[in-house]
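Engineer: No gaps in the numbering here: position 106 of the sequence shown is 106 in UniProt numbering, and each next residue is one more.
Since the hints were derived computationally from the structure, they do not count as laboratory data. Note that the structure is a prediction, hence the values are computed from the model and not measured. The beta-carbon is built from N, C-alpha and C at its ideal position, and this holds for glycine as well. A portion of the hints provided could be inaccurate.
Label-pair distances were calculated between CB atoms; the ranges are [what the hints assert, rightly or not]: (1) W56 - N83: 22 to 30 Å; (2) K53 - W97: 21 to 29 Å; (3) V77 - N98: 17 to 25 Å; (4) E128 - V77: 19 to 27 Å.
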Amino acid sequence: MRFRRGTKVEVLTRKEVPSGSWRRAEIIGGNDHNYTVRYDGDMGGFEEASVEKVPWKAIRPCPPSVDVLEDWVPGDVVEVFHNFSWKMATVLKMLGWNYLLVRLLGSAIELKVGKHDVRARLCWQDGEWIVIGKASSKCEDLRLRLPSSQKNNAPLQKGDTIIRRQIKD
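Sequences are here, hints too, so could you generate the full structure?
Structural biologist: This is the structure we're talking about:
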């Protein structure tokens with residue numbers, strides 16, 4: 001996939017956790033093989049750390065907005081927003097209505113996170129988003145097509161859902 005200057009993307013990095021994390025960035029230049037990106041947020045005030053050259057395989061478009069799920073249960077694998085990036089974590093338990101206790105995958109770090117800092121695991125594959133695992137109750141996965149005319153940051157419309165597979169009980 002080719003990205004233009006100014007496009008908002010997510011960049012895969014393995015600097016913080018072994019399972020990797022996705023950090024939001026903007027394309028500021030590049031070609032079909034490598035791109036220069038400027039990361040969103042502040043990583044401790046180091047200007048050099050906010051711009052980086054990365055291979056195209058470590059970049060994906062920003063995912064669409066998906067509804068906040070309320071029914072996470074212990075054992076669910078999710079993505080949590082922590083230190084300016086989305087990291088995979090396992091839900092340990094619910095803490096009331098608005099918080100979850102999670103453990104980052106490949107780490108002993110446990111975090112208390114708000115439900116708005118949790119999303120289903122997402123994968124960009126063949127030009128469409130795949131929600132991995134729990135997309136909604138009784139759902140194994142959900143594929144979302146982002147039309148080429150739609151902006152990367154725009155929420156999905158109801159008709160954008162193209163495949164939903166039911167779990168066999």
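Engineer: Holds or violated: the 21 to 29 Å window for the beta-carbon distance between K53 and W97?
Structural biologist: violated, 43 Å
Engineer: I want to verify a distance hint. Is the separation of the beta carbons of W56 and N83 within 22 to 30 Å?
Structural biologist: holds, 24 Å
Engineer: Just to be sure I understand the hint, the distance between the Cβ atoms of E128 and V77 should be within 19 to 27 Å; is that true here?
Structural biologist: holds, 21 Å
Engineer: In this structure, is the beta-carbon distance linking V77 and N98 contained in 17 to 25 Å?
Structural biologist: Given about 20 Å between the Cβ atoms, the range holds.
Violation of the numbered hints given earlier is confined to hint 2; every other hint is satisfied by the structure.
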